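Asker: Sequence:
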Amino acid sequence: MRIVFVSDTHGRHQYTTVPDGDILVHAGDLTLDGSLEGVEAFDRWLGTLPHKHKVVIAGNHDECFQHQPERARARVTNAIYLEDSACEVAGLKFYGSPWAPLFFDWSFMLSEVELAEKWAAIPTGLDVLVTHGPPHGILDWTNRGEHAGSHSLLCRVYETNPRFHVFGHIHEAAGRLDTADTIFVNAATQMGRGAAVAFDLG
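If you're matching positions, the sequence shown starts at 1 in this note's numbering and goes up one per residue.
I should point out that these hints are in silico values taken from the structure, not numbers from a laboratory.
In this text the structure is predicted, and so the values were computed from the model without any measurement.
Warning: the hint list may mix true and false statements.
What the hints assert, rightly or not - Straight-line distance between alpha carbons at most 30 Å, and here's what the computed BS3-like set of lysine-lysine pairs gives:
1. 118 <-> 93
2. 118 <-> 54
3. 93 <-> 52
4. 54 <-> 93
To be verified - If you anchor each label on the Cβ, the simulated ranges turn out as follows:
5. 112 <-> 175: 19 to 29 Å
6. 146 <-> 113: 28 to 38 Å
7. 19 <-> 181: 22 to 32 Å
8. 77 <-> 32: 17 to 27 Å
9. 35 <-> 124: 29 to 39 Å
10. 36 <-> 85: 13 to 23 Å
Even glycine gets a Cβ: it sits at the ideal position worked out from N, Cα and C.
Starting from the given sequences, assemble the full structure and let the hints guide the process.
Answerer: Quick look at the structure:
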């Protein structure tokens, strides 16, 4: 079983190197302008990929999922779309959520108090937690020299101990961090230019 993680392709998915695998997970910012047309283009690209299963969430640039949710979701035909919801794929348990801490006037952004209420719904026993924003202090360091992650998300991850926690949002902090319980992956590309990250599961 091979799982592939990617995030922040921003409508430039055609420039992204995506390894073959069984499951593809996209952690948000699939469009650049948040349009329904952008979602359609992304979905067409998903349809060209060989992965049997695909799971996606929205990010702060994907505003149509927040403001036109039914129309946006209807355009995702080649993947399972998660928004504060769970699914099971190939025997693995996933939970996805698009939220991140407040920054300017982008979509899916909340205060820490509001975020804590969202994260409280994250269940235990997950194989893969997918959020757009990172947890505080883990692969969230911006080029302005600031941590951009959520404190309450970090607390909830340590409470639930998912096998993987994949996110994006902070492009410059892309990478991997392993702890005793969870493998953290910031799978952001540089506006689509880069490679997805693959893991072979035993």
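Asker: Compare the structure with each hint and give your call.
Answerer: Here is what the structure says about each hint:
Pair hint residue 118 plus residue 93 holds up; C-alpha atoms about 18 Å apart against a cutoff of 30 Å. Using a Cα cut-off of 30 Å, the hinted pair residue 118 and residue 54 holds, with the two alpha carbons roughly 23 Å apart. For a cut-off of 30 Å, the pair hint linking residue 93 to residue 52 stands: about 16 Å separates their Cα positions. For the proposed pair residue 54 and residue 93, the alpha carbon gap of about 13 Å is at most 30 Å, so the pair holds.
Against the hinted window of 19 to 29 Å, the Cβ-Cβ separation of residue 112 and residue 175 comes to about 24 Å, which satisfies the hint. A hinted range of 28 to 38 Å for the beta carbons of residue 146 and residue 113 is inconsistent with their spacing of about 20 Å. Roughly 25 Å separates the CB atoms of residue 19 and residue 181, a value that falls within the hinted 22 to 32 Å. Checked against the given bound of 17 to 27 Å, the beta carbons of residue 77 and residue 32, roughly 20 Å apart, stay inside it.
Judged by the Cβ atoms, the range 29 to 39 Å given for residue 35 and residue 124 holds: they are separated by roughly 37 Å. As the Cβ distance of residue 36 to residue 85 is approximately 21 Å, the hint placing it in 13 to 23 Å holds.
Checked against the numbered hints above, the structure breaks only hint 6 and satisfies the rest.
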